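Participant: As a plain string of letters, each chain reads:
There are 2 protein chains.
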Amino acid sequence: MKTDSRADITIYDIARQLNLSAATVSRALKDHPAINSKTKKKINDLATELGYRSNNFASNLRRGRTNTIGVLVHELNSGFISSVLAGIEKVTTEANYDLLIAQSSESAKKEIANANNLFHKRVDGLIASLSFDTENLAHFDPFVKKGIPLIFFDRVFEDSEGAKVVIDNFRAGYDMTQHLINQGCKRIMHVTASLKRNVYADRLRGYKQALADNSIKYDDDLVVVNGLEESDGIETAQRVLRMKKKPDGMFITNDFCAAVIMHHLQEEGIRIPEDIAIGGFNNDVMGKIISPRLTTIDYPGVQMGEIAARNLISHLDGSATLTHTNKIIIKSDLIIRESSVRSS
Amino acid sequence: MKTDSRADITIYDIARQLNLSAATVSRALKDHPAINSKTKKKINDLATELGYRSNNFASNLRRGRTNTIGVLVHELNSGFISSVLAGIEKVTTEANYDLLIAQSSESAKKEIANANNLFHKRVDGLIASLSFDTENLAHFDPFVKKGIPLIFFDRVFEDSEGAKVVIDNFRAGYDMTQHLINQGCKRIMHVTASLKRNVYADRLRGYKQALADNSIKYDDDLVVVNGLEESDGIETAQRVLRMKKKPDGMFITNDFCAAVIMHHLQEEGIRIPEDIAIGGFNNDVMGKIISPRLTTIDYPGVQMGEIAARNLISHLDGSATLTHTNKIIIKSDLIIRESSVRSS
DNA sequence: GTGAAAGCGCTAACAG
DNA sequence: CTGTTAGCGCTTTCAC
Numbered sequence: 001m002k003t004d005s006r007a008d009i010t011i012y013d014i015a016r017q018l019n020l021s022a023a024t025v026s027r028a029l030k031d032h033p034a035i036n037s038k039t040k041k042k043i044n045d046l047a048t049e050l051g052y053r054s055n056n057f058a059s060n061l062r063r064g065r066t067n068t069i070g071v072l073v074h075e076l077n078s079g080f081i082s083s084v085l086a087g088i089e090k091v092t093t094e095a096n097y098d099l100l101i102a103q104s105s106e107s108a109k110k111e112i113a114n115a116n117n118l119f120h121k122r123v124d125g126l127i128a129s130l131s132f133d134t135e136n137l138a139h140f141d142p143f144v145k146k147g148i149p150l151i152f153f154d155r156v157f158e159d160s161e162g163a164k165v166v167i168d169n170f171r172a173g174y175d176m177t178q179h180l181i182n183q184g185c186k187r188i189m190h191v192t193a194s195l196k197r198n199v200y201a202d203r204l205r206g207y208k209q210a211l212a213d214n215s216i217k218y219d220d221d222l223v224v225v226n227g228l229e230e231s232d233g234i235e236t237a238q239r240v241l242r243m244k245k246k247p248d249g250m251f252i253t254n255d256f257c258a259a260v261i262m263h264h265l266q267e268e269g270i271r272i273p274e275d276i277a278i279g280g281f282n283n284d285v286m287g288k289i290i291s292p293r294l295t296t297i298d299y300p301g302v303q304m305g306e307i308a309a310r311n312l313i314s315h316l317d318g319s320a321t322l323t324h325t326n327k328i329i330i331k332s333d334l335i336i337r338e339s340s341v342r343s344s
Numbered sequence: 001m002k003t004d005s006r007a008d009i010t011i012y013d014i015a016r017q018l019n020l021s022a023a024t025v026s027r028a029l030k031d032h033p034a035i036n037s038k039t040k041k042k043i044n045d046l047a048t049e050l051g052y053r054s055n056n057f058a059s060n061l062r063r064g065r066t067n068t069i070g071v072l073v074h075e076l077n078s079g080f081i082s083s084v085l086a087g088i089e090k091v092t093t094e095a096n097y098d099l100l101i102a103q104s105s106e107s108a109k110k111e112i113a114n115a116n117n118l119f120h121k122r123v124d125g126l127i128a129s130l131s132f133d134t135e136n137l138a139h140f141d142p143f144v145k146k147g148i149p150l151i152f153f154d155r156v157f158e159d160s161e162g163a164k165v166v167i168d169n170f171r172a173g174y175d176m177t178q179h180l181i182n183q184g185c186k187r188i189m190h191v192t193a194s195l196k197r198n199v200y201a202d203r204l205r206g207y208k209q210a211l212a213d214n215s216i217k218y219d220d221d222l223v224v225v226n227g228l229e230e231s232d233g234i235e236t237a238q239r240v241l242r243m244k245k246k247p248d249g250m251f252i253t254n255d256f257c258a259a260v261i262m263h264h265l266q267e268e269g270i271r272i273p274e275d276i277a278i279g280g281f282n283n284d285v286m287g288k289i290i291s292p293r294l295t296t297i298d299y300p301g302v303q304m305g306e307i308a309a310r311n312l313i314s315h316l317d318g319s320a321t322l323t324h325t326n327k328i329i330i331k332s333d334l335i336i337r338e339s340s341v342r343s344s
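Protein sequences, first through last, are from chains A and B. For the first sequence, the tail end lands on 344 under our numbering, and the numbers increase by one without skipping. For the second sequence, the tail end lands on 344 under our numbering, and the numbers increase by one without skipping.
There may be inaccurate statements among the hints.
Any copy, or any two copies together, can satisfy a pair, since identical chains are not distinguished.
[As the list claims (entries may be wrong)] With a Cα cut of at most 30 Å, we get these calculated DSBU-like pairs of lysine-lysine:
1) 217 - 110
2) 40 - 109
3) 42 - 121
4) 327 - 186
5) 41 - 244
6) 145 - 121
7) 244 - 109
8) 38 - 327
9) 90 - 244
10) 327 - 288
11) 30 - 217
12) 244 - 217
13) 38 - 208
14) 146 - 42
15) 110 - 121
16) 327 - 145
For the record, the hints were derived by calculation from the structure and aren't laboratory data. All figures in this text were calculated on a predicted structure; none of them were measured in a lab.
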């Protein structure tokens, strides 16, 4: 039983050894109902014995499908994205789809390149969340034109083709702001990122609405649009420190950035939450290990991933169609911790 | 110019319209030197006009290669892994390879499934870091048998086939321990994870050696082997709090876990670094936003990824061979911050 | 329940 | 510089 271990064995090898046709072997390996179960067993046994592995390229070429779903995210290194991926992976694995994951590192240019690449890789469907500076959805046109289903999550364009899975960012922004107001805050700063992205624009709208509903005048100077990296957080903290009239509350659209800001303010003697009450966004694990622990909005990543994948796959299976379910909104929750709670 | 936008166009379509052969079209699209540049231009222009996309399956089937590299990691949501991926991605993109990324979520079972899957996907090479509880490398045998090059990084088996890219964990563990000793620590606790993994076992050896070199007796009770999740950190912190004779220093093999432990100890009134000096491992961004900021070992993720990918690719290109370069050791650095520095 | 045959789209050896 | 030809391994009619 010495076979050249480097040579790939094919269904023809199996067929020959068993005096069957390749067609029968192909069917047996796919568990086709019309094949005698004894034949099936013989074939499967020999296949494993020989270390047969089916050639996906041949199969895909023949069938004209890839059974692969593309996932295009803005960043891999984020608890939120990881959990979304976990959700997607769970569903796609069950349905026997493969995943091709690409990250755009918050760059529109890279996002475009990745979209093209996934298109050329012929994914059967695409799940995507936009990068910071994506200006339009032209790079997804090829998918639309070829009828490849598209589903966006979290960072979406309102008026785009394809379905969307989002949380109610307006509501979450409203709730956080209202919570800070309830703690007695009157001058609430909002630190956010590119307003091109729905998530940030909507939270800002929520913030404004909450202020209005509480008869607090909106002040443009209290809204900071910046990045969310460490350096951006430091910059924002320094800006706050320079303000003659400081805010008494801060709603920061990202937990990591909130933690950076909080840390720097504390180093300069500002007390949290007494001087400034702080709320973040995302419910990152990190929020529980800083002092004080961070109030935040819990973002249901796994669920988002599952729902996106589930919808995409049922569309691919033909058991449902995406074109009608255009927008799915998932519940998010305000998690109150010490960084925002004033005993007074 | 109304083509059915759903039908895929092939090199034959282009050949027909231009009165050329498919072979010429194929060569032109690959920028083959033997093709007239005018012909090339005509072909490329028509290709883009028609929205031609090459069929990878046909190409792979024909060439018997995939130009895909598999990456098997224990976890995606980690700054370290993200940076390794960034390094890998950079190199592979330049060399025109695709990436198939799979995460085992620290489970040997999932790692085995992923390895099989990548094998069946016929990756040209594999880059991997082992999960916590992987017991052996049997699931990589198929790759070895088929002559598919394998390169492990960070979490490796010493006596395995395939090349390895690692840091000097013994040295790093030694340095951190020596640093704590220099701060006056006499009872240093070491919190680590599965000693099946070289990274943890080697750091422990370094810890022991440093103690020995400073004539400090090694005490088994001061070594905690546990997970590195939040719950594990809390558990360890509670254990410390219950100890009658507490440690005066802690070397924790992971920054996140160190932060969790530190936070819980602080909540119980223990002062860091005065009562207990703490050092972590990995140089996670988080280490800079907690109070006190965390002493750690900087882990050169991007570089590791680049080196692993570069070696694999030059092996695949035939320009070098992996079998001889068996182990590459990358420099790591001790980063001293407030969590371990005693003014005394 | 099984087989024969054609073809998915591309590439490479060979020929000119 | 370009064309002819064969075939990669699989699936799927159609036939028996």
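Participant: Which numbered conditions among the earlier hints are violated in the structure presented, ordered from lowest to highest?
Facilitator: The structure breaks hints 1, 4, 5, 7, 8, 9, 10, 11 and 13; every other hint is satisfied.
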